[in-house]
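J.: Sequence:
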Amino acid sequence: MAEDVRGPTRLLRHVWARLVIIARSVVGRLVACLTGFHADNTARRNAWEAGLR
21 MAEDVRGPTR LLRHVWARLV IIARSVVGRL VACLTGFHAD NTARRNAWEA
71 GLR
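Going letter by letter, the sequence shown gives residues 21 to 73 in my numbering.
Accuracy of the hints is not assured; some may be wrong.
[Claimed, not checked] Cβ pair distances, simulated, as ranges:
{"no.": "1", "residue 1": "R49", "residue 2": "G71", "range": "13 to 21 Å"}
{"no.": "2", "residue 1": "R33", "residue 2": "G71", "range": "19 to 27 Å"}
{"no.": "3", "residue 1": "L39", "residue 2": "N66", "range": "15 to 23 Å"}
{"no.": "4", "residue 1": "R64", "residue 2": "I41", "range": "25 to 33 Å"}
{"no.": "5", "residue 1": "T62", "residue 2": "V35", "range": "20 to 28 Å"}
{"no.": "6", "residue 1": "A63", "residue 2": "I42", "range": "38 to 46 Å"}
{"no.": "7", "residue 1": "G27", "residue 2": "N61", "range": "35 to 43 Å"}
Because the hints were derived from the structure by calculation, they are not lab data. Note that the Cβ used here is the ideal one computed from N, Cα and C, for glycine as well.
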């Protein structure tokens, strides 16, 4: 019974994590476009964020 509950929960967590990462990247791009950041600044920030993971 515990296995039945655990499987979907793990899957849901994985899907949620992916959605959060996608949402953060989309928001980051929107903010970059709105504030007029240069592409190299965005790339540097993305590399820095990737290092945090």
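J.: Next, verify each hint and record whether it holds.
T.: Do the hints match the structure? See the list:
| no. | hint | result |
| --- | --- | --- |
| 1 | R49 <-> G71: 13 to 21 Å | 19 Å, holds |
| 2 | R33 <-> G71: 19 to 27 Å | 23 Å, holds |
| 3 | L39 <-> N66: 15 to 23 Å | 18 Å, holds |
| 4 | R64 <-> I41: 25 to 33 Å | 19 Å, violated |
| 5 | T62 <-> V35: 20 to 28 Å | 26 Å, holds |
| 6 | A63 <-> I42: 38 to 46 Å | 18 Å, violated |
| 7 | G27 <-> N61: 35 to 43 Å | 42 Å, holds |
In summary, the numbered hints that this structure violates are 4 and 6.
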